[in-house]
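Q: Chain by chain, the residues:
Protein chains: 2
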Amino acid sequence: MKKLINKPEDFARETIEGILAAHSDSLKMVNDNFRCIVRADEKKPGKVAIATGGGSGHLPTFLGYVGYGLADGVTVGNVFASPSAECMYEVDKAIDNGAGVLHLYGNYGGDIMNFGMAKDMVEMDDIEVEEVLVTDDVASALKGQEANRRGVAGLFYAYKIAGAAAEKMYNLQEVKRLAQKAVDNTRTMGVALTPCIVPEVGKATFSIGENEMEIGMGIHGEPGIKRSELKPVDDVVEVMLNKILEDMRFEEGCNVSILVNGLGATPKEELYIAYKKAHSILEKNGIKVYRPYIGEFATSLEMAGMSITLLKLDKELEELLDFNAYSPFFQQFR
Amino acid sequence: MKKLINKPEDFARETIEGILAAHSDSLKMVNDNFRCIVRADEKKPGKVAIATGGGSGHLPTFLGYVGYGLADGVTVGNVFASPSAECMYEVDKAIDNGAGVLHLYGNYGGDIMNFGMAKDMVEMDDIEVEEVLVTDDVASALKGQEANRRGVAGLFYAYKIAGAAAEKMYNLQEVKRLAQKAVDNTRTMGVALTPCIVPEVGKATFSIGENEMEIGMGIHGEPGIKRSELKPVDDVVEVMLNKILEDMRFEEGCNVSILVNGLGATPKEELYIAYKKAHSILEKNGIKVYRPYIGEFATSLEMAGMSITLLKLDKELEELLDFNAYSPFFQQFR
Numbered sequence: 001m002k003k004l005i006n007k008p009e010d011f012a013r014e015t016i017e018g019i020l021a022a023h024s025d026s027l028k029m030v031n032d033n034f035r036c037i038v039r040a041d042e043k044k045p046g047k048v049a050i051a052t053g054g055g056s057g058h059l060p061t062f063l064g065y066v067g068y069g070l071a072d073g074v075t076v077g078n079v080f081a082s083p084s085a086e087c088m089y090e091v092d093k094a095i096d097n098g099a100g101v102l103h104l105y106g107n108y109g110g111d112i113m114n115f116g117m118a119k120d121m122v123e124m125d126d127i128e129v130e131e132v133l134v135t136d137d138v139a140s141a142l143k144g145q146e147a148n149r150r151g152v153a154g155l156f157y158a159y160k161i162a163g164a165a166a167e168k169m170y171n172l173q174e175v176k177r178l179a180q181k182a183v184d185n186t187r188t189m190g191v192a193l194t195p196c197i198v199p200e201v202g203k204a205t206f207s208i209g210e211n212e213m214e215i216g217m218g219i220h221g222e223p224g225i226k227r228s229e230l231k232p233v234d235d236v237v238e239v240m241l242n243k244i245l246e247d248m249r250f251e252e253g254c255n256v257s258i259l260v261n262g263l264g265a266t267p268k269e270e271l272y273i274a275y276k277k278a279h280s281i282l283e284k285n286g287i288k289v290y291r292p293y294i295g296e297f298a299t300s301l302e303m304a305g306m307s308i309t310l311l312k313l314d315k316e317l318e319e320l321l322d323f324n325a326y327s328p329f330f331q332q333f334r
Numbered sequence: 001m002k003k004l005i006n007k008p009e010d011f012a013r014e015t016i017e018g019i020l021a022a023h024s025d026s027l028k029m030v031n032d033n034f035r036c037i038v039r040a041d042e043k044k045p046g047k048v049a050i051a052t053g054g055g056s057g058h059l060p061t062f063l064g065y066v067g068y069g070l071a072d073g074v075t076v077g078n079v080f081a082s083p084s085a086e087c088m089y090e091v092d093k094a095i096d097n098g099a100g101v102l103h104l105y106g107n108y109g110g111d112i113m114n115f116g117m118a119k120d121m122v123e124m125d126d127i128e129v130e131e132v133l134v135t136d137d138v139a140s141a142l143k144g145q146e147a148n149r150r151g152v153a154g155l156f157y158a159y160k161i162a163g164a165a166a167e168k169m170y171n172l173q174e175v176k177r178l179a180q181k182a183v184d185n186t187r188t189m190g191v192a193l194t195p196c197i198v199p200e201v202g203k204a205t206f207s208i209g210e211n212e213m214e215i216g217m218g219i220h221g222e223p224g225i226k227r228s229e230l231k232p233v234d235d236v237v238e239v240m241l242n243k244i245l246e247d248m249r250f251e252e253g254c255n256v257s258i259l260v261n262g263l264g265a266t267p268k269e270e271l272y273i274a275y276k277k278a279h280s281i282l283e284k285n286g287i288k289v290y291r292p293y294i295g296e297f298a299t300s301l302e303m304a305g306m307s308i309t310l311l312k313l314d315k316e317l318e319e320l321l322d323f324n325a326y327s328p329f330f331q332q333f334r
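Sequences listed follow chains A and B, in order.
UniProt numbering applies: residue 1 is where the first sequence begins, and numbers increase by one.
UniProt numbering applies: residue 1 is where the second sequence begins, and numbers increase by one.
Where hints are given, some of them may not hold.
Any copy will do: because identical chains look the same in the list, a pair fits if it lies in one copy or spans two.
[Unchecked claim] Derived BS3-like pairs: lysine-lysine, alpha-carbon spacing no greater than 27 Å straight-line:
1) Lys7 with Lys226
2) Lys203 with Lys2
3) Lys93 with Lys243
4) Lys7 with Lys231
5) Lys2 with Lys243
Source of the hints: derived by calculation from the structure; they are not laboratory data.
It should be emphasised that the depicted structure is a prediction, and the values quoted were computed from it without experimental measurement.
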């Protein structure tokens with residue numbers, strides 16, 4: 001295990017302490033608890049608050065999307081492990097502006113249980129809570145069973161759309177509707193080339209041959225849909241995009257935002273080579289690329305590989321995607 | 001070699017084609033040559049133009065710093081190889097606004113030769129050219145021989161300072177003076193944990209043991225100053241920062257910007273753990289951290305490791321560092 005860390009058991013805490021030391025103007029703790037992080041800027045009375053959370057090891061997901069036009073607070077778990085309901089409850093209380101809280105997070109068992117408990121707790125304090133689960137990973141359940149799919153890099157679009165809606169002072173039902181609409185129009189496919197090592201475990205999350213790739217692998221190393229010989233990236237992108245295009249109808253002439261996301265160890269150069277192919281496939285299908293995002297948006301520590309996410313846009317989603325957003329990890333100003 | 005690429009010999013070209021497909025509103029080619037990339041926004045008559053360039057494989061360096069408040073044009077070489085003088089000449093001509101061009105690049109033999117030839121060529125067209133070489137890598141030459149040092153992640157600060165000065169319509173001599181002042185006040189130390197693989201070579205740039213690290217290694221795998229057992233990151237950061245603090249005088253109470261840069265495969269989490277330690281060492285030395293930057297700013301493909309860069313600030317440099325900047329790879333709006 002070759003990592004620039006101290007004690008493995010301090011990994012999550014020291015990460016957050018570093019983030020708070022660097023970005024104290026943007027982020028702060030609730031009750032001195034490093035697992036409960038909220039925006040440091042002034043609260044806006046009447047604005048719907050957005051809470052998220054999940055395991056560590058995916059930066060900029062989740063903590064990186066706490067900021068203007070994005071989420072208001074996050075609960076931080078250990079690496080690939082759900083944070084506690086108590087922490088979620090503390091974050092909800094800290095971020096509520098009197099307009100209710102939207103729980104917006106990835107569809108994983110532990111998170112569902114804990115966010116559910118937190119919802120019960122915070123509702124007893126007369127704070128209204130709604131929830132939207134992100135379920136963008138096409139590989140994780142068949143067509144028709146979308147609600148069973150895991151949430152991966154598509155989380156970014158959910159934060160972006162819901163965060164903009166909240167900033168525009170839409171009410172809780174509207175923010176929820178738009179977050180769900182973003183999720184319903186988002187699809188992701190991933191490919192992994194190498195595993196990562198969870199610091200406290202100390203060995204690779206899975207093994208894979210020197211010349212193999214796995215299409216559809218999850219961001220915690222969940223099994224994908226096909227393991228095969230590593231192909232030229234143009235072929236890999238074609239397989240991935242075809243899966244997405246078969247899964248959801250994209251009308252000719254529609255606008256689509258695309259996110260090519262690096263899983264950790266894959267150079268930006270490779271992401272752009274993949275993007276080039278994706279762009280040309282979409283154009284050939286009469287789909288217009290709008291606001292492409294290329295970089296690391298949801299990682300798995302030092303895993304090599306990438307994911308491709310499409311968000312099908314209409315006027316309403318486009319306007320929200322265009323809205324400014326900034327956090328220490330993501331800036332969009334035009 | 002596990003990479004998401006097509007033919008290795010197409011790596012640089014396909015990377016640029018992907019970047020241009022994604023960011024055609026920000027970047028464009030000169031003479032349809034993918035090796036000559038300039039800003040796509042309107043030129044500003046009388047503004048000093050800044051040209052840079054170097055080998056591929058270091059994104060966001062170099063191309064990623066072509067944008068507002070940064071550089072105006074870049075010449076792109078193959079992986080870790082200098083671009084040609086002819087391309088530099090074409091870029092210079094394309095970006096000149098009648099106020100002269102600053103060549104701002106890293107101190108490497110091939111680049112010096114080619115930028116030198118380009119300077120001779122472009123001066124025959126009556127365009128004034130000055131140059132500043134970035135020499136921030138402490139490990140690459142002894143104290144007193146700063147001019148022999150290589151340029152690494154400190155390039156970022158040189159672009160940021162010179163780019164802001166040019167945007168403020170300072171003249172060529174002033175932009176040059178400020179770029180040189182940034183370089184003179186910038187120091188970097190790196191550490192590598194794993195090598196990278198140049199696509200066309202197909203094998204690792206160097207070998208290193210499963211439990212070893214190399215302090216001071218260059219971004220092309222140039223030998224460092226010490227290879228040893230991998231230590232806890234707090235110890236690694238202490239060694240690296242002490243080297244920098246011994247190399248340049250930092251007055252107590254001075255402001256310093258710090259850049260913790262990932263070399264490619266190192267997760268953001270680890271960079272923040274390193275930042276936490278660096279922040280505390282600086283504070284203990286009475287040095288105030290101003291505008292920390294943490295992320296990937298100058299990479300070596302999929303190399304694991306990081307570098308730490310300090311820029312010692314005074315009022316003049318601070319004001320320029322604060323200036324807005326944006327490119328497809330870097331945004332700073334406050």
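Q: Hint by hint, which ones does the structure fall short of?
A: Number 3 - this is the single hint that the structure violates.
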